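Undergrad: Make a model of the complete structure from these sequences and hints.
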Amino acid sequence: GENVEQHPSTLSVQEGDSAVIKCTYSDSASNYFPWYKQELGKGPQLIIDIRSNVGEKKDQRIAVTLNKTAKHFSLHITETQPEDSAVYFCAARKSSGNTGKLIFGQGTTLQVKP
Amino acid sequence: DTAVSQTPKYLVTQMGNDKSIKCEQNLGHDTMYWYKQDSKKFLKIMFSYNNKELIINETVPNRFSPKSPDKAHLNLHINSLELGDSAVYFCASSRSQGISEQYFGPGTRLTVT
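Respectively, the protein sequence lines represent chains A and B.
Residue numbering for the first sequence follows the working numbering, starting at 1 and increasing by one per position.
Residue numbering for the second sequence follows the working numbering, starting at 115 and increasing by one per position.
Honestly, I wouldn't trust all of these hints.
Claimed, not checked - One side only, chain B facing chain A, incomplete, derived with CB under 8 Å:
no.: 1; residue: LYS155
no.: 2; residue: PHE156
no.: 3; residue: LEU157
no.: 4; residue: MET160
no.: 5; residue: VAL174
no.: 6; residue: PRO175
no.: 7; residue: PHE178
no.: 8; residue: ALA201
no.: 9; residue: PHE204
no.: 10; residue: GLU215
no.: 11; residue: GLN216
no.: 12; residue: GLY221
These are calculated hints, taken from the structure and not from any lab test.
None of the values given here were measured: they were computed from a predicted structure.
A virtual CB, placed ideally from N, CA and C, is assigned to each residue, including glycine.
TA: Below you can see the structure in the form of C-alpha cells.
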C-alpha cells in the first residue's frame, strides 16, 4: 500500500534561517500532497498543498516543491520565526476511488531558536 | 464559530469500559473522518463517512464503531477499552470525498488505565 517517508524527524534552526523538510511517497498514482502544522495540544492545520500538475507553490514564507519522477516533495520555510516551532506532517493521497484517504508521514518536530 | 469540534477534550477511563467521543462540524461538509495519533505522533486514518455512508474502514478492531446520525456529526464508540487504545483521536471533515482540504478538530486525548 501507499507509504510516505518523512525526514528529518527533528530539526533545530536559528531564527531567521531556512528549514527544509523532505518526503517521499511510494504510490505513483498519488496526486495531492498537503502539508500540515500541528502546534502543541491542537489539531493539525493545513498550511500549504500541491497537486501533481504543479511543480512548485509558494505562500509568503512557505513553499512546496514536487518532483513526480523521483516521487518526492519538500516543504521550505524561509526566515523562520519562533512561532514556526511545531510538528509538521506531509501527506499524500490519490484520487482513484475518491475516498479522500490521506497517508501521513511520520512528522518533523521543528524548533526555531530565538 | 468553531469549525470542527470534539467532546470531550480529555477522557480518562479504566480498561474494559465503553466510551464515546463526539464530533460536530458546522462547515456544511459532506465528508468526515476519524484519525488516531499515537504516542510517537503518527497519524493514521480509521474511518471516513460521506453523507452518512461509511467509505473508509481501515484495519481497526471491531471494538471501534463509528456512527453518523447526520452529515454534520460523526461519533466514535469504543467498547472494552484496552491500554493500547490510549492515544489522541482527531475528527476531521472535508467538503467532499475528492481532493479537498481536510479540517481537523482539536483532538480528544484518551487515557486508558
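Undergrad: Each hint should be assessed against the structure and marked as holding or not.
TA: Hints, one by one, checked against the model:
1. LYS155: Holds, about 5 Å.
2. PHE156: Holds - the Cβ of B/PHE156 comes within 8 Å of chain A, reaching about 6 Å at its closest.
3. LEU157: 4 Å, holds
4. MET160: 11 Å, violated
5. VAL174: Violated, about 13 Å.
6. PRO175: 19 Å, violated
7. PHE178: 17 Å, violated
8. ALA201: 14 Å, violated
9. PHE204: Status holds, d = 5 Å.
10. GLU215: 5 Å, holds
11. GLN216: For B/GLN216, the interface hint holds, since the closest Cβ of chain A sits about 7 Å away, which is under 8 Å.
12. GLY221: With Cβ-Cβ at 5 Å, under 8 Å, it holds.
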